[in-house]
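Student: Read top to bottom, the protein sequences are chains G and H. The working numbering applies: residue 1 is where the first sequence begins, and numbers increase by one. The working numbering applies: residue 1001 is where the second sequence begins, and numbers increase by one.
Derived by calculation from the structure, the hints in this document are not laboratory data. Since this is a predicted model, take the numbers as computed values, not measurements. Hints are supplied without guarantee of correctness; some may be wrong.
Stated by the list, open to error - Straight-line Cα separation of at most 20 Å, SDA-like style, residue types lysine to any residue; simulated pairs: (1) G:325 x H:1199; (2) H:1221 x G:329; (3) H:1199 x G:211; (4) G:325 x H:1202.
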Amino acid sequence: MAGKTLIKLDGISISFGGVHALQNVDLEILEGQTLCLAGENGGGKSTLIKIISGFYRPDHGTIEIDGKQYSHFTPKQAIDLGIQVIYQDFAIFPNLTVAENIALSAERLDGRKLVNWKNVKKRAQEALDMINVKMDLDAILADLPVASKQLVAICRSLLQHARLLIMDEPTTALTKNEINSLFKVVRDLQAKGISVVFVSHKLEEVYEIAEQLVILRNGKKVIEGPIKDFDRKKFIYHMTGREIESETFTVKNIGSEPLLEVKGIGIKDLFADISFKLYAGEVLGITGLLGSGRSELARALFNLEKIDTGEVLLEGRKLDLKNVKDAINAGIAYVPEDRLTEGLFMPQTISRNMISAVIERNLNGLGLIDTPGVRARSEDWVKELKVKTPSTELPVQALSGGNQQKVVLAKWLATKPKVLILNSPTVGIDVGAKADIYAYTRRLAEEGIGVIIISDDLPEILDNCNRAIIMKRGRLAGEFITSEMTESRLTDILAEAGGEGGAA
Amino acid sequence: MSNEKGIVKYLKDITEDARMVRLFFIMVIAFVIMCVANGNKFFSLSNFQSMARTFPEVGILAIAVSLAMLLGGINLSVVGIANLSGIFCCQFIIATQEKIGMWPAIIIGLAIAMVVGAVCGLLNGFLIAYVGIPAMLATLGTQEIFIGLGVGVTKGAAVFGTPSEFTFFGGAYIFGVIPMSLILFVVVVVVFTILLQRKQYGMELYLVGTNPTAARFSGIKNELVILKTHVFGGILSAIAGIIIASGTNSAKASYGSSYVLRCLIVAILGGINPAGGFGKITGVVMAVLTIQFLSSGFGILRVDGYFQTFVWGAVLVGDMILNYYLDKLAENRKKKKAEKEA
């Protein structure tokens, strides 16, 4: 299906503050080609996108589009040439309607001084028709699920005469069904001769959608070729530069009495009548689609939300928690879903982040913060969890996603928990860091901590938990031993009628 | 690194902070320029004493504003609190000094001032933390309330008639040389530096100011941190109010109406990040000294007051431009160095 060369990068290098973000990278994208850009975080994927879209100017190297060479390539030129990027946050206007979001920038592109409102709706509808999607044009974006926001962003690009659509990790927040419909849209675009660059590190998706695969590691292109030339092992090897072994988790020492016992808890309108037991040494999975109540349940266990009914017992004693601090002191730790907004203080130092949940346990005899002690303990955590950083006094935002997540983990392990709840612990982090985090949770379980992993990443649940429960629409919908379950059967169970949660 | 202790470590921390170094040089430059321009009139004990009597009141108010800014908020009511505390203090002393004796009246009066400040701060903190009003609107409102109360209590007139002993806190010279207000300022600076850099409260303040959501997830009681911060702000304002009332031996609801903006300038020049989470008391101290050097220097030169205001603004804007370009320069230099090595 691929035609002639649309864009050709030659020997691109760029560095920031002495760090080589990209070194001598060549890239060629053909018309109508779907190319996947893979690589661990910090590998240079985002930088490469920003060079293609004219946002960064490379220190060395040339950019050629339609056979014409550009030395001063600007974002404006990129847009004029039909290069469109859909970022992870979509850059949409949440307070405007679907039609306005789709058509307003195209109207502006036409150089109109006044907006023709009739035209706006017409054009928005045309764009939706192009990708065969039905949507209410007058709906306010903020009220729509993530998947719809993404489709709106795609439609907007199409109206700006996109010839190359770059999607930066587009499936992160989508459910399985939504991913399938997104892939259908991508195939339709391809049929129309539009090239797509797909940035991802989820292997399954890459195999499903990509034709050509380019892998970046440490700012260098390590390999390129048609996707059919890559098996999983080769793919992971080139991405991480090392062999990753994965074996399923089996319980070693299980406690005789339940560590955590949840009896019929519920919060009005969120979830109801949830009961389960967690034994020390276990890794329990909680899965369910977005809106099934899985995150709300975790927040309730950590006392971020008050339960209306039921009770929770820890080591046989009924918990009466007034606030989050009580939960921490009782021995419950919660690694939240979104490390950027909920888990970390991004501009603050690594050591500060690591003690932020237990500041009161880091005071010296005078009631002052024990700075040398804090530094020493943070350095221990950095070693223990293999956080890649030259110093604990750097801001967390200087780290890659996987290393940031390790800092969140350290922060919660510093509370010396009995029960560790991990909500979507590996979203947006690379294979290497993922393996480190899984290995560590297993070790914790072996040491007698009860671990709960909440996730909609089914392989994650199946490989790392010994037992799992399924939630649907705020209710318990089943429990299974992971070794007796397959991924395809679990997918079917989750997708059964009524599986989609109400709120997204 | 970790075996360095106490003051050495602290000094190292400030010098490591590039912005603090720049601010230090700006302060020195302002001082040198004023010495050169005014000669002996500036570089003299009497001028130093007069400066040391003047800047503590703005300095302490600026620290109160800085605390609120570290939370990502602001406090526009510090001057209102200072004056209201001063008024209650003076009125109590005048009303009771003959019945309970002068010194008991003064001491209880001071305590009343602090309580008034704390209560005002409590009101600010309550409105912001529990009612959920943005700090700017809440303290804009309470500023008007505090001024209004002050005017109501005094009918707009200055409160006179405190005994001359009351001037000790704002006007006396210890050993005949060091103004009492300077000593109060130093005490405030030391106490709050320790509070912010070494106490649990300080770390919680920086964390809440950086990311309130993550703070809540970390078990920090955000509301309590906000409440405490504004109570501290209120007490600091009351201390400034005592210095003002004592220095002029009177209290007035409309005193220092231009101080609010001056405090903001000092806090921002001192490197307090208005978005919250970053900034040090040390910076605020250097900023208030810089502003004082310029004020006194221009005062001796008999420069028009409007020009002084202009210069403060120019220093602030100039400092921000300087920071921008120096950061950029440092980035480029790093890049070049790395290229050479490669």
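Student: Quick one: which hint numbers does this structure break? Sort them smallest to largest.
Tutor: The structure breaks only hint 3.
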